[in-house]
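Chain residues, written in single-letter form:
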Amino acid sequence: MVKATERPTKSRKAAARGNGAKGRSDGAKARSDGAKTGGAAQSNAAIAGVASHIGLENERLAELYRVMLTSRLVQDRMFVLQRQGRAAFAITGQGHEAAQVGTAAALKPGFDWVIPYYRDVGVCLTLGMTAREIMLDFLARAEGPCSGGRQMPTHWSKRELNIVSGSSPVGTQILHAPGIAWASKIRGEKAVTAVFFGEGATSTGEFHEGLNFAAIHKLPVIFVCENNGYAISESSEKQMSVKHVADRAKGYDIEGIMVDGNDLIAVYQTMAWLVEECRNGRGPKLLEAKTYRIVPHSSDDDDRRYRSREELADWMTRDPIDRTKKYLIDHGALTEEQDAEVREQVDVEVKEAVAYALGAPMPEPETALLHVYAEGV
Amino acid sequence: MTTITMPQLGESVSEGTILKWLKAEGDDVAIDESLCEVETEKVNTEIPSPYEGKIAKLLVAEGETVKVGVPIIEITESGAAPAAAPEKVAAPAAASAGQQQGEETETFAGDGAAPPAEAPAVPEPRREPVAAGGEVQAWPPGQMRSNGAGGDRSTRYSPAVLRLAEEHKLDLSRVKGSGAGGRITRKDVMKFVDSGEAAVAPAGTEPAATPATPVAEGQEAPPAAAAAPAPQLEGDEIRKLSATRRTIGERMRQSIVEQPQAWMMVEVDMTELARYRQSVKDQFREREGVDLTFLPFIVKATVQGLKDNPLLNSQWTPDGILVKKDINIGVAVSTEEGLIVPVVRAADGKSIAGLAQEIAELARKARIRKLALADVTGGTFTVDNTGAFGSIASAPIVNPPQAAILSSELIVKRPIVMPDDSIAVRHMMNMCISFDHRVVDGADIGSFMRTVKERLQSFGADTPLY
Amino acid sequence: MAERSVIEAVRDGMSEMMAADERIFILGEDVQQGGVFRATEGFLDKFGPQRVVDTPLAEASIVGVAIGAALNGLLPIAEIQFADFIHPAMDQILSEASRLRYRSVGTWTCPLVIRTPWGGGIHGALYHSQSIESIYAHIPGLKVVTPAFPEDYKGMIKSAIEDPDPVLFLEHKKLYRSIKTEIPEGDYRTPIGPAAVRREGDDVTIFAYGLMLHESLKAAEEVAGEGTNCEVVDLRCLRPLDKETILSSAKKTGKVLVVYEDNLTGGFGAEIVAIVAQEAFEYLDAPIMRLAGPDIPTMPYAPPLEHFYMPDAAKIAAAIRELAAY
Chain A
705 MVKATERPTK SRKAAARGNG AKGRSDGAKA RSDGAKTGGA AQSNAAIAGV
755 ASHIGLENER LAELYRVMLT SRLVQDRMFV LQRQGRAAFA ITGQGHEAAQ
805 VGTAAALKPG FDWVIPYYRD VGVCLTLGMT AREIMLDFLA RAEGPCSGGR
855 QMPTHWSKRE LNIVSGSSPV GTQILHAPGI AWASKIRGEK AVTAVFFGEG
905 ATSTGEFHEG LNFAAIHKLP VIFVCENNGY AISESSEKQM SVKHVADRAK
955 GYDIEGIMVD GNDLIAVYQT MAWLVEECRN GRGPKLLEAK TYRIVPHSSD
1005 DDDRRYRSRE ELADWMTRDP IDRTKKYLID HGALTEEQDA EVREQVDVEV
1055 KEAVAYALGA PMPEPETALL HVYAEGV
Chain B
694 MTTITMPQLG ESVSEGTILK WLKAEGDDVA IDESLCEVET EKVNTEIPSP
744 YEGKIAKLLV AEGETVKVGV PIIEITESGA APAAAPEKVA APAAASAGQQ
794 QGEETETFAG DGAAPPAEAP AVPEPRREPV AAGGEVQAWP PGQMRSNGAG
844 GDRSTRYSPA VLRLAEEHKL DLSRVKGSGA GGRITRKDVM KFVDSGEAAV
894 APAGTEPAAT PATPVAEGQE APPAAAAAPA PQLEGDEIRK LSATRRTIGE
944 RMRQSIVEQP QAWMMVEVDM TELARYRQSV KDQFREREGV DLTFLPFIVK
994 ATVQGLKDNP LLNSQWTPDG ILVKKDINIG VAVSTEEGLI VPVVRAADGK
1044 SIAGLAQEIA ELARKARIRK LALADVTGGT FTVDNTGAFG SIASAPIVNP
1094 PQAAILSSEL IVKRPIVMPD DSIAVRHMMN MCISFDHRVV DGADIGSFMR
1144 TVKERLQSFG ADTPLY
Chain C
447 MAERSVIEAV RDGMSEMMAA DERIFILGED VQQGGVFRAT EGFLDKFGPQ
497 RVVDTPLAEA SIVGVAIGAA LNGLLPIAEI QFADFIHPAM DQILSEASRL
547 RYRSVGTWTC PLVIRTPWGG GIHGALYHSQ SIESIYAHIP GLKVVTPAFP
597 EDYKGMIKSA IEDPDPVLFL EHKKLYRSIK TEIPEGDYRT PIGPAAVRRE
647 GDDVTIFAYG LMLHESLKAA EEVAGEGTNC EVVDLRCLRP LDKETILSSA
697 KKTGKVLVVY EDNLTGGFGA EIVAIVAQEA FEYLDAPIMR LAGPDIPTMP
747 YAPPLEHFYM PDAAKIAAAI RELAAY
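Chains as they are written, first to last, in our numbering: chain A, 705 to 1081; chain B, 694 to 1159; chain C, 447 to 772.
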């Protein structure tokens, strides 16, 4: 786990660099140049963060804030539904909202490719999935777009949005990213592939093999690590001897960037820059968003066994939703009245989604036999 | 003289081309000195000599391609042989028949080739799983032994043999086994069936029958002629043949094909019998627990007819007409599975009450499929109460190898001209008989039918039930 | 009709397909220089480095990257240098490729071919000789093919490339250059699924695939002279499995020998035995026999040890004699 005290300092340092930029692309250029000339320590483990929302209009910011709220509320409902016996299992990512929404907001839905991992409700909502779709799959309904009740909840997928179906073994999806990007690259397409995972996944062989392959072929892949400090109960010290996941980028001679994962603006701007780098053929990137999950690993987990309530309380003071709200209000993008209104709207939307999903039919038993192979082959 | 063969120069490589000889005939050669350059699909390399000596003969021309294991050069070894001179390894005597030229046997280098110099120059042990007697042991060993192949196995039947025996109604004790321990094989059964032997019952013995078949006596039916497949249209449905259905089909076909059958019908006045039965049936039921139907009377009358006309209680055989001593009456019973014909044995010794009891019991057993082999074998004549289905005339098919089958039809009230020319309402019943015309003629049948008719018409108030 | 070896048939099949469809590309170790068995000889010159991709020495990434490419519209042919080394990629094959269609209710598919040389008898020892088919044929969603003849190698690699689902294409190393037969002219396909009766007979049925099919044919010839007439069925494809042909041949002869070079216990042949026992019981005239490798880590290096392990024509003939006599 990264010590909290380190963050503001580095964040400010990076922010200072970002502030010097006049526009989004200029900013990206400036940082890119800095990365190229600034030496390994700087380029591979720079903390990015900004104090202004260059590249994000107020309206777009308010929209992302709303997605963050939806993501939080949907996942809160998941735990409630599980405790009510209406779902067998819940695994969520409350606390990751800025990291998820900020990164996904920098991607073009349906054009860029996204391989989420199980906590990424915020990523999927940002790209265009609805609370209703999330709930349909969470409750294993036939209509669920991800797996129609075949997978455990939270294995997100939606073909139309290039959101790729995933499995449960940790890290396997990392290898698909260079493959997808390879296809985009040889067809001359500008699409970028973003693959998401936690810091636990960086211990797998697939992490190494995926970064290695992407780096060798300079593929447009952004490896996004949502580092929440814990792989279930194991803290980062048990996963790696380096301090930061971003440090691993050195081994592949690619850029590894750290960002305050609870700072929506910083996450967005860093991701936007990396996306642009990738689109312009500058090879794969590793982004580490430092964040914290403020809930247990899953509905089967009791996080009191491995982390203190004081630590949790400390992180709650940096809740990404509160921080985003404050930023929006400070910058005139939101009022308290508007906040209450949007929270009310999101609450209604999520309630409707839950009601719809609860009323939707389960899959017919014999459909279990379908889709093993293509029909008629 | 030592021969060197084309070595296997890579996995999956099966041949090599001599690009260039680096030695000529008569040249001296030292161990490890290159003999030639070889090209294969995978590698190009020089071949070092495993021996010291003089080149005796180059066996393959430059540019020529040969399979792995083919001799390419002969060397006359000099005195300074390697520490342990490699013996030539001949192809194993019991090598697999499938062994092709070029397939390696015991050495890596190929058939008969010496191992490379750097490898320990000791002949490899001969190929193992060659047991005494040249027998090759398959893995896993002893599969058949665990199935008990030893000893006399002539009465251990495989599922295939049992199935065929059932299909062809075979007595397996007549089939000679050619398998291990005298076991009867599927092919033994097929041969037996094809020979026609199965179709001929040995003289003087009754062929075996199996339970739950519609007939008492089994005779081998020739296999059904291959029929053209019936066109099946949408909505049509194939109903699988049950064992009973299949047997009925086979037997009925056999009956029609083998027996020239003729038919006759008489009518019987059952009025007195009906009246009598009406008067005793409630009491009978109370006492005996079964209904008193017309059938025991009909069987009783039939027995009388058979006693008077023994030719009808017989069967056709190539040796002559086999007249049966016992009168065993098969009584057709309709079940869900199809027609079944249990047999009332020694019917001539039974009273009407006894017949009623036995028929009721056999019908019950037939309907719950509890008939024993003895219940369905040994019939000599069959009675079929088709009247139960409302029929007033039917043409039953003889149950081979019996000679005749009698059907009793529905009893109906009809106006009848009586002997005194008056007209009366009488209980009339038709009786039909189909018979094997090889065995009996119309006169015999007429005589039999007259007896049965008279006996039935004689039943009345003074008829003893016991 | 041209004569082709197995390796040439595979090469021709891939080359013809790649020339016709630029979505097809090959990735694997050493494929640019032709691969260790020369399956992709000349491909780099013909199709360029974007379609003939040398990968790092990491099997999981070969298959994982291929899956990604398949998800994004390409038709990858992943080469695993030896079947023995496929296991690091098993998670990708089992957890990902075979399940993408199912877990996404058909919205994602994975048209992928994984080619790999398998089998023994070539002094490959424990790690260049293995049979892996039973492990992978167990996986629904994956297809597993094991051809024996050059004609099928060419026809089935083409079918595999066109197949909308992942296909594990197993090529027997020992057959690569030892079998050379005439193959049809033109652009033909061999369907993935149906088995082929290679020799008709009515005494004993032998079920085999790959190298063992050829050894079984040799053994059948050998015992034919003794009056035993064997039917030899080339399974060709283990998943999907042609149960119809298996049952009809088993019912025809009533005596069944299943030959496979994998370890005996839990080998794929056990599935054939189970099917016959369950669905042709009343037709059996003898116990169903298996002939396979002993349960030792496949397979030792020294020639006498390797010979002891490998089923061959002589061992098969011995088993046939035992079965025929039963």
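Be aware that one or more of the hints could be misleading.
Straight line, CA to CA, 25 Å or less: simulated DSS-like cross-link-like pairs of lysine-lysine [said to hold, decoys possible]:
no., chain 1, residue 1, chain 2, residue 2
1, B, K880, C, K697
2, B, K869, B, K974
3, A, K894, A, K922
4, B, K869, C, K698
5, C, K698, C, K664
6, A, K812, A, K942
7, B, K1106, B, K1058
8, B, K735, C, K492
9, A, K954, A, K889
10, A, K889, A, K812
11, C, K626, B, K933
12, B, K933, C, K604
13, C, K626, B, K760
14, C, K697, B, K869
15, B, K880, C, K698
16, B, K974, B, K1106
17, B, K974, B, K933
18, B, K750, B, K713
19, C, K697, C, K664
20, C, K626, B, K862
21, A, K942, A, K894
22, B, K735, C, K626
23, C, K604, B, K884
24, B, K880, B, K869
25, B, K862, C, K697
26, A, K922, A, K942
27, B, K760, C, K664
28, C, K492, A, K889
29, A, K954, A, K942
30, A, K922, C, K492
31, B, K933, C, K698
32, C, K698, C, K604
33, B, K1000, B, K933
34, C, K604, C, K664
35, B, K884, C, K492
If you are wondering where the hints come from, they were derived from the structure by calculation, not from laboratory data.
Against the structure, the hints come out as follows:
1. K880/B x K697/C: The given pair, whose Cα atoms are some 13 Å apart, holds under the 25 Å limit.
2. K869/B x K974/B: violated (56 Å)
3. K894/A x K922/A: Holds, at about 13 Å.
4. K869/B x K698/C: OK: K869/B and K698/C at ~21 Å, within 25 Å.
5. K698/C x K664/C: At roughly 21 Å apart (the allowed maximum being 25 Å), K664/C and K698/C satisfy the hint.
6. K812/A x K942/A: Not OK: K812/A and K942/A at ~36 Å, beyond 25 Å, violated.
7. K1106/B x K1058/B: Measuring from Cα to Cα gives roughly 33 Å; hence the hint is violated.
8. K735/B x K492/C: holds (20 Å)
9. K954/A x K889/A: Holds: K954/A and K889/A sit about 23 Å apart, inside 25 Å.
10. K889/A x K812/A: Holds, at about 16 Å.
11. K626/C x K933/B: The hint is violated at about 48 Å.
12. K933/B x K604/C: violated (42 Å)
13. K626/C x K760/B: Between K626/C and K760/B the Cα gap is close to 13 Å, so the pair holds against 25 Å.
14. K697/C x K869/B: holds (22 Å)
15. K880/B x K698/C: holds (11 Å)
16. K974/B x K1106/B: holds (20 Å)
17. K974/B x K933/B: violated (42 Å)
18. K750/B x K713/B: Status holds; Cα separation ~15 Å.
19. K697/C x K664/C: holds (23 Å)
20. K626/C x K862/B: violated (51 Å)
21. K942/A x K894/A: Given that 25 Å is the threshold and the Cα spacing comes to 38 Å, the pair is violated.
22. K735/B x K626/C: It holds: about 17 Å lies between the C-alpha atoms, which stays within 25 Å.
23. K604/C x K884/B: Violated, at roughly 46 Å.
24. K880/B x K869/B: It holds: about 11 Å lies between the C-alpha atoms, which stays within 25 Å.
25. K862/B x K697/C: Distance ~20 Å between K862/B and K697/C Cα, so the pair holds.
26. K922/A x K942/A: violated (31 Å)
27. K760/B x K664/C: Satisfied, since the Cα-Cα distance of roughly 20 Å is no more than 25 Å.
28. K492/C x K889/A: holds (20 Å)
29. K954/A x K942/A: Holds, at about 20 Å.
30. K922/A x K492/C: holds (24 Å)
31. K933/B x K698/C: holds (21 Å)
32. K698/C x K604/C: violated (33 Å)
33. K1000/B x K933/B: With a Cα-Cα distance of about 42 Å, the restraint between K1000/B and K933/B is violated, given a limit of 25 Å.
34. K604/C x K664/C: Given pair K604/C, K664/C is violated - Cα atoms ~28 Å apart, limit 25 Å.
35. K884/B x K492/C: It is violated: about 62 Å lies between the C-alpha atoms, which goes past 25 Å.
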